[in-house]
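J.: Those sequence lines, one after another, are chains A and B.
Per full-length UniProt numbering, residue 1 is the first one in the first sequence, and the count goes up by one each step.
Per full-length UniProt numbering, residue 1 is the first one in the second sequence, and the count goes up by one each step.
Certain hints may be false.
Because identical chains cannot be distinguished in the list, a pair is counted as satisfied if it fits within a single copy or across any two copies.
What the hints assert, rightly or not - Below are the DSSO-like pairs computed for lysine-lysine, each with C-alpha atoms no more than 30 Å apart in a straight line:
no.: 1; residue 1: K195; residue 2: K79
no.: 2; residue 1: K144; residue 2: K228
no.: 3; residue 1: K123; residue 2: K68
No lab work stands behind these hints: they were computed from the structure.
Number of protein chains: 2
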Amino acid sequence: MHHEQHVSSSETIRDIVIGMSDGLTVPFALAAGLSGAVNASGIVVTAGMAEIVAGSIAMGLGGFLAGKTDADHYNAELKREYEEVERVPDQEKEEVKQVFADFGLSGTLQQQIADEMAKDKDKWVDFMMKYELGLEQPNPNRAKKSALTIGISYIVGGIIPLSPYIFIDNSVQALYYSCAITLIALFIFGYFKSKLTGQPPVMGAIKVVVIGAIAAAAAFILARAINK
Amino acid sequence: MHHEQHVSSSETIRDIVIGMSDGLTVPFALAAGLSGAVNASGIVVTAGMAEIVAGSIAMGLGGFLAGKTDADHYNAELKREYEEVERVPDQEKEEVKQVFADFGLSGTLQQQIADEMAKDKDKWVDFMMKYELGLEQPNPNRAKKSALTIGISYIVGGIIPLSPYIFIDNSVQALYYSCAITLIALFIFGYFKSKLTGQPPVMGAIKVVVIGAIAAAAAFILARAINK
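Extracted from the complex, chain A is given alone in its bound form (with noise of 0.2 Å):
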């Protein structure tokens, strides 16, 4: 029970990172772009708010859709391993020899093994699909709340980044706002998602703050280059 719970908020916070980390940089970096090449805050924020809300869209749906392709697929293997188990038993005890041969195990130990795991089918079939086919089954409830997170975290990060467009007209003046504010942000979660992950913290920051600085200033450069 702790074990799962464990599990579960750690893949929240894996789904707060992706949709944050996108949403922080992207939007950032397609307002800073048109900041080089209209004026008005009012046309960066129209298109930041349209990117948000098409980034998280891309990003929830599409991550709620691929969890329940990853749920068919696993109940589809799930399915014929149990099918092979009662038609081709001896091939099956092959495969289960065949992992542990790949470890140097004896011939007669994998023998073994293979004989004793037989003796319980759920087991068996659970051993196949994790270190054969190397499936772990999934969450039912996982894909809605995973598209959920992922794209509130999206619009929360995206929300940051745009917010200097809402309040100053110039949108040069506002970028320099949007670039303090949001290159701090970004050292932030960087921070934070390090010690989650258990890398340097400073080093992570770091990264994440070049990666976002990086795709504004392409995007201010390219956007600048077009309209000229």
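Fit chain B to the supplied structure of chain A, relying on the hints for placement.
T.: The following block gives chain B in isolation, referenced to the frame of chain A:
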């Protein structure tokens, strides 16, 4: 050799799918949204190109650094497992036994497996990495190749919905063409993507088209509402 080639080509295809999926959807929806708010295709093209460069850098560079982080994480864990196998071999043996206890093998057999596996330290550590920690050895060249593939696929995908705006000045008229070619492109893309991942292709294609259409419609409605 054959197996590795198979893995590598399927990873490339996965990267193309990741990049192109977002590349077709988000710039399409952003352009559609802006068309509902401004009449000039010039701004749509500028915003769209800024989005494509920002998105491709965020996804490509983000993927590259994530791959590097995975490799660092793997190597750090690998070092720790080698140390633990030297320092606390009995504890590590207990961990091997626990893996097999979970699959219902008898205590005697668990002990035999642990003893035999302990004879070859490389394979023992390899086992712990894969089955206790669930970590696969990352390919050192993957991160760079993956970043490039995702980034380029995003650009290729993004150019498709944007191309009508380059040739047609009236953005509302360009939107019709953009919808037509992008929804066709999403259908073709979704069809092959589903075929490659073993899903029903027509159903998969429809899902991809629906996500794109919802994202574009939402962006269009929101951008129009903001501009009023």
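J.: Take the hints in turn and mark each one as holding or not.
T.: Against the structure, the hints come out as follows:
no. : hint         : verdict
1   : K195 to K79  : between (40 Å within a copy, 20 Å between copies)
2   : K144 to K228 : neither (45 Å within a copy, 33 Å between copies)
3   : K123 to K68  : within (24 Å within a copy, 36 Å between copies)
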